[in-house]
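Visitor: Chain residues, written in single-letter form:
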Amino acid sequence: MTTRPVQAEKNLQRIDQASKDGIGQSPLRPDGTLKVKGEFAYSSDLWHEDMLWGTALRSPHPRANIRSVDVSAALAVPGVHAVLTHEDIPGAKFYGLEIADQPALAVDKVRYQGEPVALVAADHPETARRAAKRIVVDYEVLTPITTEQQCLDPETHGYVHEPHEYKARAHGNLCHEQRLVAGRGVTDEVRALADVVVAGEYEVGMQDQAFLGPESGLAVPAEDGGVDLYIATQWLHADRQQMAPVLALPEERIRLTLAGVGGAFGGREDLSMQIHACLLALHTRRPVKIVYSRDESFFGHVHRHPARMRYEHGATRDGKLVFADCRIVLDGGAYASTSAAVAGNAASLGHGPYVIPNVRMHALALYSNNPPCGAMRGFGAVQAAFGYESQMDRLAAALGMDPVELRQLNAVAQGDLMPTGQPIDAPAPVAELLQRAKDRPLPPPLDPSDQRALPGALSNTSHGEGIVRGVGYSVGIKNVGFSEGFDDYSTARVRLEVIGGEPVALVHTAAAEVGQGGITVHAQIARTELGVERVTIHPATTGIGSAGSTSASRQTYMTGGAVKLAAEAVREVLLDRGRRRYGWTHRDLTLTGGQVVSASAGVLAPLAELLGDEPVEQTRVHRHRPTAALDPETGQGFGHVQYSFCANRAVVDVDVELGLVRVVELTAVQDVGRALNPLAVVGQIHGGCTQALGLAVMEEIVLTDGKVRNASFTDYLIPTILDTPPIPVELLELPDPHAPYGLRGVGEAPTVSATPSIVAAIRQATGKALTRIPVRPEHLTDTP
Amino acid sequence: MEFLRPATWDEALVAMAEHPGALPVSGGTDVMVELNFDLRRPSAILDLNRVGELTEWSTDGSSVRLGAAVPYARIIDELSVPLPGLALAARTVGSPQIRNRGSVGGNLGAASPAGDAHPALLAAGRGVRVEAHSVRGVRLIPIDEFYLGVKRHCLAPDELIRAVRIPVADGPQQFSKVGTRNAMVIAVCAFALALHPADRTVGTGLGSAAPTPRRADLAEAYLADALAWESGDPPADGVVRRFGELVAAAADPIDDVRGTAAYRRHALAVLARRTLAWCWNDYREQLGRTA
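Protein chains in written order, with this note's numbering: chain A, 24 to 807; chain B, 32 to 322.
Here chain B stands alone, though its shape is the one from the complex:
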């Protein structure tokens, strides 16, 4: 196995071109576990820890360009205002040690359906882009096209994730995750909700509920239409319930050691109803302030 340690981003891209399929590692919170359990024997490992710009983020006011290796701990500390949903998701990742090392780039690279960042990225809007670089150029991949299957994504063997571009929140966002202990737990299921008052749309994201992270399209459309954006009147109980049902129906969960499919569907509906109530309360407060 080759161990590659590029000093710069350009060197990293060249190394990937020379060793297509090399396994990139940054925080190591996924990769090292797989190596230690001997689940994976890559022909080459590409250590990105010397590439400093991966741990930087910037914003132009309308979106955040989040470096692939910005650790979750910094997302919580520095980005809770522009990216509230992602920051809430970041809080639920592993332990403090893991949050100091793990990053959204790693979550995307692993493409596990249980990755905590994915539902928040999906809910943040269809405008979220994964910035994939190679010596051949840059691709901006819409988040909805990124996930292909269980632990599979659409990156080419020579591509690296440079950053994720996420629109700055234009409304309330929430993230909830069910686990069978109160910290440091892989999601049994997770749900993210974002209200987008700017265009009166709704974003959702489901985690650990299907072979890939996915959004609940029908639920989004139903809710966007049913919400009283103008008045801020609370949605009727029937609307909240229907939204929960549509979220649950969008899931395609399995029975596994962490939970049953039936429980996952049930819990997603509960999370959908609760996050809707929290988001709508926040929205009403914002409306009140601007009125």
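Just chain A, with the same shape it has in the complex:
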């Protein structure tokens, strides 16, 4: 086992690697400087000669029937080239990631505010927007179905999808549900085994991914009747798969190339303007660009499911958990998106990284007339972690125990069973992560003479008055990779050839680089496996097999694994060539420093010579080990590929009179299996913690009767650098034997675990129960 205190610069560089900038080292990302200097080309910067600009007319109502749509006034605007409604769609009218229940353009009704109703293409974006406003839609406005109680009583309040049009797997306004029973479940008999029982109800607001690059792309009609789409997305092939039936084109005539992505966090898993741009381009035979404005972006992608949760935990007097009874209600909004998988995650991870002999869990995803919700970093595990970690603190208080000790006493470890019955067959150092977070020195006390350090900072609300410090802990669990029997794979092609006398590797995958640093890591893997310095990353396209989604913390594991396999295959072909050509019989050959090296006999041949003018190219598909569906009633099954764990300690200063919070420090300790690029790993953990901080104290899409009240960065607040504390990171590297290089996906675990630690710290400072996030000043000051 190695641990890596990240502050120590020397630990960021490993010297046991033969290849410069191979795995374990921290070469800088190629796009980093460009992005900081504003020179990186994002999808919104795309341009094509003769291109038109597309825009969508969106519904102002969360629920309405459409009596008629009159586009004539829009078509009459000079400069307008096309106005399309669902009637102009050549193929299927509905699409979806898992369930095709979402219309590409509204058909006779709208189910959420912002649903696209019609499209306009014009020679100028402003012309397109003005023309869209001239489209006359006659709505019969209906009362939206927005609350849990309304959703679960369709007889009274109606159906989001009428029974005859319902396409999901449950019924009524239920999109999906997953039950889980472990041990004896939760019965009166089981309850009686507990000396102490604590129960609580918790609520999580609707968080947004708040990526900075709005949805955008460019569709170019092709001579073969197909279309080329340059697009910022998370999964090129899944986009294409959903687009083809709507465009009535075979998949091979839809070619996607990844454009510069300005952040994703799950918000680009679902389609946004892909179909719209292609419909307009195919209709007008002109290239069409669509770029969302900031407010349109808030309506143009799914959000994190808001949740209402009820938890009951029982424990013995000495702190051993006896049972957990959980109900998690997720509001999926108008369309399914990934609600089923989010509910599955909530159910299978919603008890936390704890050994609990008896569990009963019921996770539901609702249909409502609220904005559609789907993937966001943490994917169902975030909401639950706020519930179970709040419960751990409540239980510790009821038992008079230290909250960290209570967690450690019940922490899972390798060899334990999850409540799904799945054995944890890789390291799970939950207790140690907590211990390391606890053992770190605490930050110095508040210095009120530094105005920037106070809650409110330069807003000058306190000079030290009313400030109370609090400390809180939490730990979380997240799955890595696609679960529940999904055939999850990635494809990579690696080519090695001589360019300018030097061996150069070319790596081609369809993996979406969304800022996570995949392209850096893929190059590192190629360097390590092939012993070369120069690696070129081919643009991500559908010209190669799928890489799967850049989500579920999976791309280094999956596409990294595919690059490793392809590079190993290239290496084998080369060594075979050497054996045939030179009669090598060594069993200790490696490619190192641009040469074929035998551990015993030394350098055998330069790679450039072995390659000559015969490049080697190999394509490989990497699959993780298979998983299985969860039983719908018992939740039992080998559901997940890998688990990842992060523990946090939050230190906060709270102005208890004004209810303002400043997070002073947010420690993260995470087992990453193997850090392929330690600097990038720390960056992911910093980002994940910061997004979790946002959910804890400020980030929420505020809704009233299904309408969004803060679709702007003026009122949807995300943390600034003055809100972001130092985030000391400790990495554990306990290799997972099932994973390439033993690595563990890192991107999401801190987003799951950090939020509850911050809330716990605020609770400690204020004594308030705080059962809802984000915590608002009103909650801390008892003002309604």
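Among the clues, some could well be false.
[Said to hold, decoys possible] Chain A side only, calculated, beta carbon under 10 Å to chain B, not exhaustive:
#1 Ser316
#2 Leu481
#3 Thr737
#4 Asp738
#5 Ile744
[To be verified] Computed Cβ-Cβ distance ranges for the label pairs, DEER-style:
#6 B:Thr90 <-> A:Asp473: 30 to 36 Å
#7 B:Arg167 <-> A:Thr743: 53 to 59 Å
#8 B:Arg272 <-> A:Thr737: 31 to 37 Å
#9 B:Arg272 <-> A:Arg192: 56 to 62 Å
#10 A:Glu110 <-> B:Val166: 55 to 61 Å
#11 B:Gly269 <-> A:Val220: 43 to 49 Å
#12 A:Thr339 <-> B:Arg272: 58 to 64 Å
#13 A:Asp131 <-> B:Val166: 55 to 61 Å
#14 B:Val169 <-> A:Thr737: 31 to 37 Å
#15 B:Asp313 <-> A:Phe63: 57 to 63 Å
#16 A:Thr737 <-> B:Asp256: 39 to 45 Å
#17 A:Gly790 <-> B:Thr90: 49 to 55 Å
[Unchecked claim] Computed far set for chain A versus chain B, every beta-carbon distance over 12 Å:
#18 Ala96
#19 Asp146
#20 His147
#21 Leu165
#22 Tyr189
#23 Val219
#24 Asp462
#25 Leu477
#26 Thr565
#27 Thr642
#28 Arg643
#29 Gly660
Bear in mind the hints are in silico, worked out from the structure with no lab data behind them. None of these values were measured; they are calculated from a predicted model. Beta carbons: idealized from backbone N, C-alpha and C, even for Gly.
Fit chain B to the given chain A structure using the hints.
Guide: Same frame as chain A, now just chain B:
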């Protein structure tokens, strides 16, 4: 839409006379947001960036004549001594980029109840004047008469703000703003306090607490009377509390996405008490030095 770019102040006034209701733009930190969000489609825009004198300030020792387009960053750097309350408010405006472009003239032109400069201007005294020019002449508008309603002010359609005249501080001034993040945030509510030992009066200003920025008249009168100006003795707890209550009572806030009315009232009372303590400490120090 016409885009007018006068080279001089006189040309600007003529342009306004010819295009009454034209939307003046300087830093663009409000105007461009409204245009980009398509909240506003003015028939004409008047770009004041070529009119250099708008970014200048001067003082005769008793008041500062602050050019309408002097950016907040310069107010912080250059005017913290004569205009401490306004400089504190300027620090809370947006981000560094916004403070490099935004100005008090723009804040007044937008007349948003959430504008950060307004409470400090109100607290600085009833002598604050907005200097409004048109081809018809110059009006000196008392700050208390300037704000008419949400994003409405008393300028005529052909008038431009040339400058604001603000008395030099004769005593301690403070500004506090509550937001739900620690920087770059629109005020949930804001409060400015100025002590005026010269005439033993008190100035207040409330932001994001009513349809317009407003002062807490009763609180001002109560505190001016209750303070021990002569001795510098700290006000009794009851006085501080009562002052906070009167400030809160002067507010007429709404529930909105940024905060509730009840919280705004609560927070204003806290800010009133704290800023009073800070100002009075400074005042006592000044008394001690002059004694």
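Visitor: Each hint needs a verdict: does it hold in this structure or not?
Guide: Here's how the hints hold up against the structure:
no., hint, result
1, Ser316, "7 Å, holds"
2, Leu481, "5 Å, holds"
3, Thr737, "6 Å, holds"
4, Asp738, "5 Å, holds"
5, Ile744, "8 Å, holds"
6, B:Thr90 <-> A:Asp473: 30 to 36 Å, "31 Å, holds"
7, B:Arg167 <-> A:Thr743: 53 to 59 Å, "45 Å, violated"
8, B:Arg272 <-> A:Thr737: 31 to 37 Å, "34 Å, holds"
9, B:Arg272 <-> A:Arg192: 56 to 62 Å, "60 Å, holds"
10, A:Glu110 <-> B:Val166: 55 to 61 Å, "57 Å, holds"
11, B:Gly269 <-> A:Val220: 43 to 49 Å, "47 Å, holds"
12, A:Thr339 <-> B:Arg272: 58 to 64 Å, "49 Å, violated"
13, A:Asp131 <-> B:Val166: 55 to 61 Å, "58 Å, holds"
14, B:Val169 <-> A:Thr737: 31 to 37 Å, "35 Å, holds"
15, B:Asp313 <-> A:Phe63: 57 to 63 Å, "49 Å, violated"
16, A:Thr737 <-> B:Asp256: 39 to 45 Å, "40 Å, holds"
17, A:Gly790 <-> B:Thr90: 49 to 55 Å, "50 Å, holds"
18, Ala96, "18 Å, holds"
19, Asp146, "18 Å, holds"
20, His147, "14 Å, holds"
21, Leu165, "24 Å, holds"
22, Tyr189, "34 Å, holds"
23, Val219, "35 Å, holds"
24, Asp462, "29 Å, holds"
25, Leu477, "9 Å, violated"
26, Thr565, "34 Å, holds"
27, Thr642, "46 Å, holds"
28, Arg643, "47 Å, holds"
29, Gly660, "42 Å, holds"
Hint compliance for this structure: hints 7, 12, 15, 25 are broken, all remaining hints hold.
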